[in-house]
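Asker: Sequence:
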Amino acid sequence: MTVAFDVLVEPNRRRILDLLLQRPQSVGELATRLGLSQPGTSKHLRVLREAGFVRVRVDAQRRWYELDPAPLAEFDAWLAPYRRLWADSLDALERHLDAPPEPANPERGETS
1 MTVAFDVLVE PNRRRILDLL LQRPQSVGEL ATRLGLSQPG TSKHLRVLRE
51 AGFVRVRVDA QRRWYELDPA PLAEFDAWLA PYRRLWADSL DALERHLDAP
101 PEPANPERGE TS
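19 is the number that UniProt numbering gives to position 19 of the sequence shown; each next residue is one higher, with no gaps.
Each hint should be verified, as a subset may be incorrect.
[As the list claims (entries may be wrong)] The calculated lysine to aspartate or glutamate pairs, modelled on EDC-like cross-linking and capped at a C-alpha distance of 16 Å, are:
1) Lys43 - Asp59
2) Lys43 - Asp98
3) Lys43 - Glu10
[Stated by the list, open to error] Simulated restraints on C-beta separations:
4) Phe5 - Gln38: 24 to 32 Å
5) Arg49 - Glu102: 33 to 41 Å
6) Gly40 - Pro101: 39 to 47 Å
7) Asp6 - Asp91: 43 to 51 Å
8) Leu90 - Asp6: 24 to 32 Å
9) Glu10 - Trp86: 23 to 31 Å
Just so you know, these hints were derived from the structure itself, not from any lab.
Note that the Cβ used here is the ideal one computed from N, Cα and C, for glycine as well.
Given only the sequences and the hints, what does the whole structure look like? Please build it.
Answerer: In structure tokens, the structure reads:
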């Protein structure tokens with residue numbers, strides 16, 4: 001998973017995955033949408049492909065890049081306990097905010 005983190009630390013690679021989440025795209029489309037050069041986009045796609053995040057489908061003269069969700073499932077499984085931690089904390093906050101206010105206690109110097 002360390003390699004996957006190294007790959008995804010680069011913001012343009014994450015942006016490519018975001019775009020491929022919508023639909024398969026060619027390197028030219030991705031380069032235009034990202035505002036990057038085509039060779040630069042191709043380098044990012046190569047890194048993503050070698051790490052297993054992207055698949056390539058050749059159709060005549062074009063290469064279509066599409067998201068491969070399998071490596072993301074590994075991330076999701078790793079993040080699950082942390083998501084539960086946040087969910088438990090947010091649930092506790094919600095219960096606290098929904099609770100009726102406690103009456104003031106004059107013995108502790110509280111006023112209403």
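Asker: Holds or violated: Lys43 and Asp59, Cα atoms, limit 16 Å.
Answerer: violated, 20 Å
Asker: Between Phe5 and Gln38, does the beta-carbon spacing fit 24 to 32 Å?
Answerer: At roughly 27 Å between Cβ atoms, Gln38 and Phe5 fall inside 24 to 32 Å, so the hint holds.
Asker: For Lys43 and Asp98, compute the direct alpha-carbon distance and say whether it is at most 16 Å.
Answerer: violated, 51 Å
Asker: Given the hint that Lys43 pairs with Glu10, does the C-alpha gap stay at or below 16 Å?
Answerer: holds, 12 Å
Asker: Take the C-beta atom of Gly40 and the C-beta atom of Pro101, compute their distance, and say whether it sits inside 39 to 47 Å.
Answerer: violated, 57 Å
Asker: So does Glu10 sit 23 to 31 Å from Trp86, Cβ to Cβ?
Answerer: holds, 26 Å
Asker: Is the hinted range of 33 to 41 Å satisfied by the C-beta distance from Arg49 to Glu102?
Answerer: violated, 59 Å
Asker: Tell me if the beta carbons of Asp6 and Asp91 are separated by a distance inside 43 to 51 Å.
Answerer: Check failed, 34 Å falls outside 43 to 51 Å.
Asker: Could one say that the CB atoms of Leu90 and Asp6 fall in the range 24 to 32 Å?
Answerer: holds, 31 Å
Hint compliance for this structure: hints 1, 2, 5, 6 and 7 are not met, and every other hint is.
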